[in-house]
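So you can see what is in the structure, the chains are spelled out below.
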Amino acid sequence: MSDTSKRWILLVAALAIPLVLVVTSAASAQSRLGASKSATRDVATASVANDAYCTPELKAIVRRVAGACGLLEGGGGGRGCQPLQAKKVAALSGRDFNAMFKPLMNRAHIIQFDSTKAELDPAARALVEKAWSDQRGASFFFIVSRSSPDGDEQYNEALSRDRAKSVLDYLDQKFHDEDLKKEAGLLWLGEEFAQLSDEFCSWNRSRSGSCSRADINRSAFVAWIDCAI
Amino acid sequence: MVALAGALVGAVFSGLSTTDFMAHLDRQVHAIHCSFLPGAAKEIAESGCRTVMMSPYSSFFREQLWGGVPVSLWALAVFAFLAYRAGLMLWRGQTSSGETKVLLVATVLPVLMSVVYGVLAVYKLDALCKVCVGIYAASAACFVGAFLAHRAQNPWSGARFGPALVEGVGLVAALTLAYVVLVPKPDPRTSMRGCGSLVRAEDAAGVMIPLAPHAGGAASIEVLDPLCPSCKAFDARLAASSLGERLDLNGVLFPLDSTCNWMVTESIHPGACAVSEAILCAAGVRGGTRNAAEAGAVLQWAFARQAELRELAARNEGALRERIEREFPGVKGCLGSAVVKSKLTKSLRWAVANAIPVLTPQLFVGGSRMCDEDTDLGLEYTLTRMLSPEAAQERARRRAAEPPRAPPPPPPTVAAELQPAVAAEPVAEVVAKPVTPEPSLAPAPPPAAAPSLVPAAADAAAVGAPSPAPADEKVRP
Chain Z
0 MSDTSKRWIL
10 LVAALAIPLV
20 LVVTSAASAQ
30 SRLGASKSAT
40 RDVATASVAN
50 DAYCTPELKA
60 IVRRVAGACG
70 LLEGGGGGRG
80 CQPLQAKKVA
90 ALSGRDFNAM
100 FKPLMNRAHI
110 IQFDSTKAEL
120 DPAARALVEK
130 AWSDQRGASF
140 FFIVSRSSPD
150 GDEQYNEALS
160 RDRAKSVLDY
170 LDQKFHDEDL
180 KKEAGLLWLG
190 EEFAQLSDEF
200 CSWNRSRSGS
210 CSRADINRSA
220 FVAWIDCAI
Chain A
0 MVALAGALVG
10 AVFSGLSTTD
20 FMAHLDRQVH
30 AIHCSFLPGA
40 AKEIAESGCR
50 TVMMSPYSSF
60 FREQLWGGVP
70 VSLWALAVFA
80 FLAYRAGLML
90 WRGQTSSGET
100 KVLLVATVLP
110 VLMSVVYGVL
120 AVYKLDALCK
130 VCVGIYAASA
140 ACFVGAFLAH
150 RAQNPWSGAR
160 FGPALVEGVG
170 LVAALTLAYV
180 VLVPKPDPRT
190 SMRGCGSLVR
200 AEDAAGVMIP
210 LAPHAGGAAS
220 IEVLDPLCPS
230 CKAFDARLAA
240 SSLGERLDLN
250 GVLFPLDSTC
260 NWMVTESIHP
270 GACAVSEAIL
280 CAAGVRGGTR
290 NAAEAGAVLQ
300 WAFARQAELR
310 ELAARNEGAL
320 RERIEREFPG
330 VKGCLGSAVV
340 KSKLTKSLRW
350 AVANAIPVLT
360 PQLFVGGSRM
370 CDEDTDLGLE
380 YTLTRMLSPE
390 AAQERARRRA
400 AEPPRAPPPP
410 PPTVAAELQP
420 AVAAEPVAEV
430 VAKPVTPEPS
440 LAPAPPPAAA
450 PSLVPAAADA
460 AAVGAPSPAP
470 ADEKVRP
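Chain order of the listed sequences is Z and A. Under numbering that gives the first Met the number 0, the first residue of the first sequence is numbered 0, with each subsequent residue one higher. Under numbering that gives the first Met the number 0, the first residue of the second sequence is numbered 0, with each subsequent residue one higher.
One chain only, chain A, in its complex shape (with noise of 0.2 Å):
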């Protein structure tokens, strides 16, 4: 009776896991469960539950299939196979200790698979997932249900593991198949090619902050604000994933605060300003060398108190800026200045010459953009896409086909028409050069036109649109 009722309880747990998982497949953002009580609390902000179910830990196979298969439906095929064991035993009247025995083995699984899971959640993500919770005391649940009623047992009799494996095994590979077999598949193209490309990609002004340099890897950018929720998550997503190495990352600061962003209407992210000056002056200024230790440690600083961070900005931000500095004392001097606040300007302008979306966070490999929607259960499966040989092939057939960069336009009438006169004059001392033309010139697309809808090449005309919303994460239903 025990093990049957850990065996419902964690097949309830286990089905809302999946259910959460698989509502994801759409890629968009939704209220997952998280507590305790079966079914209750759904929520859609960050939770442990969420940190969870991101993680590269929750589902196998990611490479392969968008988001892996989870392994919460193999935890659901399992606990209803237990509950039919269970099921039967009741059903009879009567049982025998060769069954109970099997039972007893089969509960092992998931009170094995609990225990290696809750250290990973507690060690490796520093997380508290309710719902998994729940599934571990139904797993131990069963354990106990089923040795109690083994120990009831007597006479003592032969146990028939085969027939039990089969049914067992039958179950979830029937599971897996049809999950399989039914989930959404994204075009595999689209996954390769990514949504949009960056027209101006090269580090002029310097503003690049080294991330993860792995020489020999695939360079990418990840446009990122360090007080952003999302940024922390998916840099945990790309820190665990093994593909993370295969990228030589620079960061492009991008905070989402009106403080310093003209883009942003108001401070989402109070603070970020600040901590991104941090990290500049962290990583120097001046170019050359940039400090990547440095920069990392502030960033990761940054990461790890990110509420705090923001809450004592939006009271008193001279107070965090003093924070950092007796965190940072190599940033004195520096925090604030004219130079490092032109240089997180230039970071910002980084991100108008690419017309790139207001949202963080935004990864870029080989130049072309990672789709948003393929940034946490779809990152393993699009990054081995974007790293593959032919998305290079593409890119760079991409590259060959794409057309000069337009010309400046024809200057207006009236200067033309004094430009005898002006010719005229000395110019030696004349220092006056055009002005950032492309983007402020370009026409403008449709309103809803945002770059990771259009075609890659039409990114470059995407400056000077209406600006809707700011985004700080993928689209919300």
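Extracted from the complex, chain Z is given alone in its bound form (with noise of 0.2 Å):
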């Protein structure tokens, strides 16, 4: 064989193996691009949280407070709830408004205030930061104040309005939290309906120690509620 001919074969073996390589490479690249373009894709969109206790008749419940009480849109903001109001919209018993919450046991606190009072002590602004900044995905937070049945109805209905006031007030002085008046709604039921019992001594409260019926419904009661509504 002649010198040339090794020369040739040589440099063509030179520049075809490289050659074949890139283009078999971009012709599989090419395939492969062309099938994961109509192919979908798999990845979660960021949303607001929505509890698995969220079942359709808590969210209607919720959606019929949330609106009633100016938490939504359209809904007259700018408005609050009156005990009589609260009872109407939710439709439900004492009983069963109070059972509404329940699972949020875990995610509720009790801002406990002394009799006739509506300040807020040192345990309760503790409570009330901790409560506000475990926010996560939630949408409403809410702050349903309560009094025990002494005094007459007109007082005790004006002093839950104060203690849902108090806790809101310090929210904002604390956080200076634009959102606040977007997703905080109050409740103030006074002593007329959904009397908390003795039961809710147990959850997280910011008091220690005793806990008669008459403590725990001198009381704002706040949670976020993880319901997409």
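Since the hints were made in silico from the structure, they are not lab data. Treat the hints loosely; a few may be bogus.
[What the hints assert, rightly or not] Simulated crosslink set (DSBU-like; lysine-lysine; CA at most 35 Å straight-line):
1. LYS331/A to LYS173/Z
2. LYS58/Z to LYS180/Z
3. LYS58/Z to LYS101/Z
4. LYS331/A to LYS164/Z
Taking the hints as your guide, dock the two standalone chains into a single complex.
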């Protein structure tokens, strides 16, 4: 074989082998790219929380309450719930209304007040902070305040309203959070509707020690509601 | 003989490197070779070989061609040329000092390139690429073999560099041309537009961290997790790219850690919530001027020891928090506080408001989301297009054409019936206002429609979708 032939054979081999590699790799990448374009991607989208306890029935009630209490835009924002309205909107007995919040046992906090008072003590303030900062994916922050049945109804209604406001004012002062006005809703129930039973004494409270039915109702029940409604 | 063996080994290593590089032209993640033994140990995990391959030094012309032309392709062409020259000498059974001189000079090129790339790998990338080391060793073997062959020649004769140069350049040019012609080309309009856009880009809650402020740069947002390896790699690529200077880059923290992130069912990166809190504390949680330097210091510290911090947090998150406080005493009192936890939640809710995928890292340029598949090899190509005046015009046109934000839904019937009675009550005390209506009440998309796959304007409707697996990197085949 001539020297020139040897040269050409080797030169062609030196070009052809890498060329084949480039051609096959490019064709393979092109084919996979075409296939992947038609395939769907399976990546979650960032969304608010919708916990397992958010049954359709619960969502309906939360939505009714939230709408009637001015939490939803278009529901006449800037209003609040009076005991009568809350009862009517919930369309539930007091016991059933409270039962609705039972799945929130590990999420809710009960802020306790002194008799006839609406001021937060240091433990109450710490618990309010803790509760608000644990929003996670929740959309609604409910502040449901009550009073014990001592005294007359009108006084107790005003007292429970002041307790709810006290919680809200503290949150505003502590966090300066614009979303507070969009996410926090107040229900003041006075003594008329959905009084808490003793069993709520075992929930996460701002005060330790003895807890009577009257004590647990001198309170504001605060909780994030993890329902996308 | 030694030169031929070196050239063949070098061709095998550079061929493997080239096929690994070209496999990624399908915009997905693949296992790559990373061993001193040619063809052994293909792995998908992070490795020195992957770091080097994804770095801007692995290819040229990245702004013109998606991924650029890999330098390993040119190495392959050079080794093929050396193998041809050395093989020809062996086949003939005789050679001249002129020919060995040509071979010796030709082997200097891979040796010089090996030195340059070795220095870059060690000092710039801090990565050991075993395949690259194989190429460096093969280059040295070629040089030594050519040197020995040349020294054995007697008598001396003149070298013919011209024809050899033509052959060598011809080989490189032919392979380059074939590569440029044959590789998959992206749709330039998709590269320019990106994959989706932000619907609420504004930082009302003050959660953004200044990452790389460049006055006059394009407003950009990186969604990141401080303990996510892909985010670290992306950060390094962006820092190494000259295009990074054209971005006014802010970060939104999105830790893939179930301790604070309800969108993940388990802690993909344990400790990411604690580190994110530390970054927010360092930046200043109370708003006003953000401390970019301090926040950046915490982020870079976390990037540098991700695996260690993740392991520590998996064992005991409290210990991680103590470690952070020891390292950055300034965050004491803030780390773990209600205020910073609330701020971190706001950061996550920014992602919810924009219905972005549960995935890190993500880059938004002027509100447009860079497609996931473009965040590594295609970074420079895509960024060049997203930063072009045409892309800015396109974004402006799209914003102008967007319908106004959807009005809130009507109140429920029962509530509506009650309104007159409620409205009669005093209103001054009441603070309750609407709740994040748009995301939670928007219709859900079909389960498979991730934002990166739907038209930009459809993104806002994605909230509330069923939640498949979160991800911290591109799709793997």
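Inset, instruction - Decide if the proposed pair is consistent with the structure: LYS58/Z and LYS101/Z, CA atoms, cutoff 35 Å inclusive. - result: 14 Å, holds
Legend entry - Restraint check for LYS58/Z with LYS180/Z, where alpha carbons must lie at most 35 Å apart: Within the cut-off at roughly 21 Å; holds.
Inset, instruction - Could you grab the alpha-carbon distance between LYS331/A and LYS173/Z and see if it respects the 35 Å cut-off? - result: 19 Å, holds
Inset, instruction - Could you grab the alpha-carbon distance between LYS331/A and LYS164/Z and see if it respects the 35 Å cut-off? - result: 32 Å, holds
Of the numbered hints listed earlier, not one is contradicted by the structure.
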